[in-house]
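Residue numbers (this note's numbering), protein chains in the order written: chain A, 12 to 303; chain B, 16 to 281; chain C, 97 to 360.
Source of the hints: derived by calculation from the structure; they are not laboratory data. Among the clues, some could well be false.
[Claimed, not checked] Partner residues are not named here, just some residues of chain A that face chain C (Cβ under 10 Å, in silico):
1. A63
2. I97
3. G98
4. A105
5. S109
6. G110
7. Y113
8. E117
9. E124
10. M133
11. A166
12. S169
13. L296
Think of the CB as a built atom: it goes at the ideal place given N, C-alpha and C, for glycine as much as any other residue.
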Amino acid sequence: MPAIEVSSLTYTYPGARAPALQGITFQVEPGQLIGVVGANGAGKSSLCLALAGLIPALFHGQMQGTVKVCGLDTRLHTPGQLAGKIGLVLQNPASQLSGMRYTVYEETAFGLENLGVPRSEMPARIERVLQQVGLAALGERSPYTLSGGQQQRLALASVLVLEPAVLILDEPTTMLDPQGSQAVFKIIREAVEAGTTVILAEHHLEWIARYADRVIALAGGEVILDGLPEEVFSSPLLLEAGIGWLRCTVAAQQASPLGLWPASMPLPVTIDAAAAGFSKAARKLRDVDPDQ
Amino acid sequence: MLIQINNVCFSYPGGVEALLDVSLTVQPGEMIALVGANGSGKTTLARHLIGLLQPQAGSIQIGDWATSEHAPSQMARRVAYVFQNPDEQLFCQRVWDEVAFGPQNLGCTPAEVTSRVKSTLEWLNLQAEEQVNPRDLIYSIRKRVALASALVMQTPVLILDEPTAGLDSREQAQLSQVLASLRLQQKTVIVITHDMDFAAENLDRFIYLQNGSVLADAQASAFFSAEFLSQTSDLIAPQMVRLSFSLGHTQPSLCADQLLRNVSTG
Amino acid sequence: MSTHFSLYQPGSSYLHRLHPLTKLTFSLAAAVVVFGGPGGWLAALFPGLLAMLLLWRAGLAWRAALTIFRLLALLTVVLFLVHGFLNPHNKSILLSLGPFGLGQEGLAYAALVALRLAATLAASLLLTVSTQPAHLVQALAEAGLPYGLAYLLGSPLLLLPQIAGRVRSIQAAQQARGLKTEGSLLQRARALFPLAAPLIFSTLVDVEERSLALEVRGFSAPNPKTSLNELVDSPAQRTARWIMILLAGLLLAVELSWRVYASH
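The following block holds chain A by itself, in its conformation from the complex:
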């Protein structure tokens, strides 16, 4: 059974003139890491909220089509019922704190309490997940004394402790510094390795290009590309849609007509692939002209 099945999803916010999402259709197998990219306003956040079942439950508006996560139709289940299966992490670390708990440890327990997990099971699960996100030493600290990066890891912990089958992240690194971002990406990768299906909406294309199994590109609420990172990140559609290419891809494209990029190689979407290609072209040039 696919982890996520979206079928002809069309959604319009209440009072909006145009739909935020149009005719979206795709399936995701369990354990995959899917990157979602798009210009601002293209529908990344709306898609994340729809996958989490918060659209249409909390936002109302008009929705057509279906979204099924772990076989559950999001229109037939309330967010409360979906909470244990789907996790959602948003952009702003501080506004994801419940505000009702005074320590990192208790904040992590919040979701377990809501879902009625027996008290005896809680300590083990909390300790495991705090280890996972690297906050084990800060268990007794107040969540409000943590740095932004630590708070974002706490947001991840409080969702991962529920052991969701699907984890959705909407631009989780926007407010973080490189160290904070790398820590979040590492936790995401480990979750995928443990079998969690992850949907990651991001502007930081580089990490997605390197680690995602698949990339979905949105423009104007529609899916314009859906495929492997190598294919999506070198498609001209990305440029038209305002999403842009990675710099190394641009460099290779400019290099191609100059003979500095091998004609046979596809455009690179990672630094390693770019280095390999440029080296190969350089060797070829040297072979052609041995005096150089």
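Add chains B and C to chain A, keeping to what the hints say.
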């Protein structure tokens, strides 16, 4: 306008040391990237420049004004600051009023206010949103409104705090153009940023703070050639720089054109 | 970086360890006695002193006293002025200021009102200083109150944590646009107006994001909730609660019947 930062020390109440003996000179017209991990003192230093914070030791001069002798509302005539979070800066019902707020506080005549607001909105492509309530705009456009409301002040110095955070590539290109204009106008621009790719393509001088001290201060090319870059996790070098080093170049390239030139010369 | 601003002070005093319902009962009973008990002054004084004594034993008295002072100082001054000059029962004038006189009866009344407010505040601080809002909510829910209602009653300070920090950020941003915040009192007052809109807006955006985060963590899940911490209750505390309720009820009944008797 010359900026002189002399031996500035500052700790927050509660004892957290934010700046330890920082000294810097910024020449008029420089385009600077202020980089470092969160908590390294970047924002603290920037707040000192508009007088929101006063150093416990040392002094700061913007031109001939010492920040200790002028209130922040006065300093606003020389230094415009765009905060990272636009929602903390926007408070008017219409974009027009928002952008007009600054010049009105500066005492411009109504005619001047109108002309400044009009030209700034045109510059940043916000004419269509003129009568819109900023709260109805998406995040990145709210950021642009916040930027407009600082640019309209026409100060010699501009500080931008994480201006590219949350921006897509088209919006970043627009920001690039704005910076290019500011460069032509010889404004001094200080950008606090984590986005090294953007910084390498648009800014000249890199000042790297760690734990309240200046660890490095150099022009882009020298900065990215330095040893420490490979040892720190505070910064991620731009793609072109990493690619240059992967290819064994001695000098890091800061943009694609430069890389291709270096590649073609072998 | 914002701090968790709230009246609750983490600690391990005996007060902290008491069951939230015991403390809640004390606060409510004290309020009933203060405003509805016999003896005017004594009815106000006794519960207030008792509360301060209990707080003192827990090492929290200073903190409570400071809070009471901060919250009531200005109000008390206003009370004294208003009732001192304008109370209709004023007969013996202590001090004359032109056509206005400070009346003894008015001052006495103001003092009584101030005392009542201080006593009620002390009794409720006994609850809020030593109880995490979440534990109070849990206690109410365990006692049978619907969870939504319990949450509403137990977490009134939910939004305060970040408001203080946010106010500072907004003021800084506005100063940077040339808004004069220093100068005459009038200027400073005027500078507060532009504060309201961004504060409300960013708080609302924050509230919306927070409610999404709460939903995602099962806040509105249909099953009964469990709790990480066990709230320790005891027969002694249960008995004490009943005694407090009965005592407050008794004193109220005495006062009410006295008033009915006195009006005949």
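At a threshold of 10 Å, is the proposed contact between M133/A and chain C supported by beta-carbon distances?
-> Holds: closest Cβ of chain C sits about 5 Å from M133/A, inside 10 Å.
Would you check whether L296/A satisfies its interface hint, that is, whether its CB is within less than 10 Å of any CB in chain C?
-> For L296/A, the interface hint is violated, since the closest Cβ of chain C sits about 54 Å away, which is over 10 Å.
Can the hint on S169/A be confirmed by a CB-to-CB distance to chain C that is less than 10 Å?
-> holds (6 Å)
Does the CB of E117/A sit less than 10 Å away from some CB of chain C?
-> At about 6 Å, which falls below the 10 Å cut-off, the nearest Cβ of chain C leaves the hint on E117/A intact, so it holds.
For the hint on G98/A, does the least C-beta distance to chain C fall short of 10 Å?
-> This interface hint holds because 7 Å falls under the 10 Å limit.
Grab the minimum C-beta distance from G110/A to chain C and call the hint holds if it beats 10 Å, violated otherwise.
-> At about 5 Å, which falls below the 10 Å cut-off, the nearest Cβ of chain C leaves the hint on G110/A intact, so it holds.
Is the interface hint for E124/A satisfied, with its Cβ closer than 10 Å to some Cβ of chain C?
-> At about 5 Å, which falls below the 10 Å cut-off, the nearest Cβ of chain C leaves the hint on E124/A intact, so it holds.
Can S109/A be said to touch chain C, with a Cβ gap under 10 Å?
-> Because about 6 Å separates S109/A from the closest Cβ in chain C, which is inside the 10 Å limit, the hint holds.
Does A166/A pass the interface hint, meaning its C-beta sits closer than 10 Å to a C-beta of chain C?
-> holds (7 Å)
Against chain C, with CB atoms and a cut of 10 Å, does the hint on Y113/A hold up?
-> holds (6 Å)
Tell me if A63/A is really an interface residue toward chain C, meaning its C-beta lies closer than 10 Å to one of theirs.
-> Where the cut-off is 10 Å and the nearest Cβ of chain C is about 6 Å from A63/A, the hint holds.
Would you check whether I97/A satisfies its interface hint, that is, whether its CB is within less than 10 Å of any CB in chain C?
-> holds (8 Å)
The earlier numbered hint that this structure contradicts is number 13, and it is the only one.
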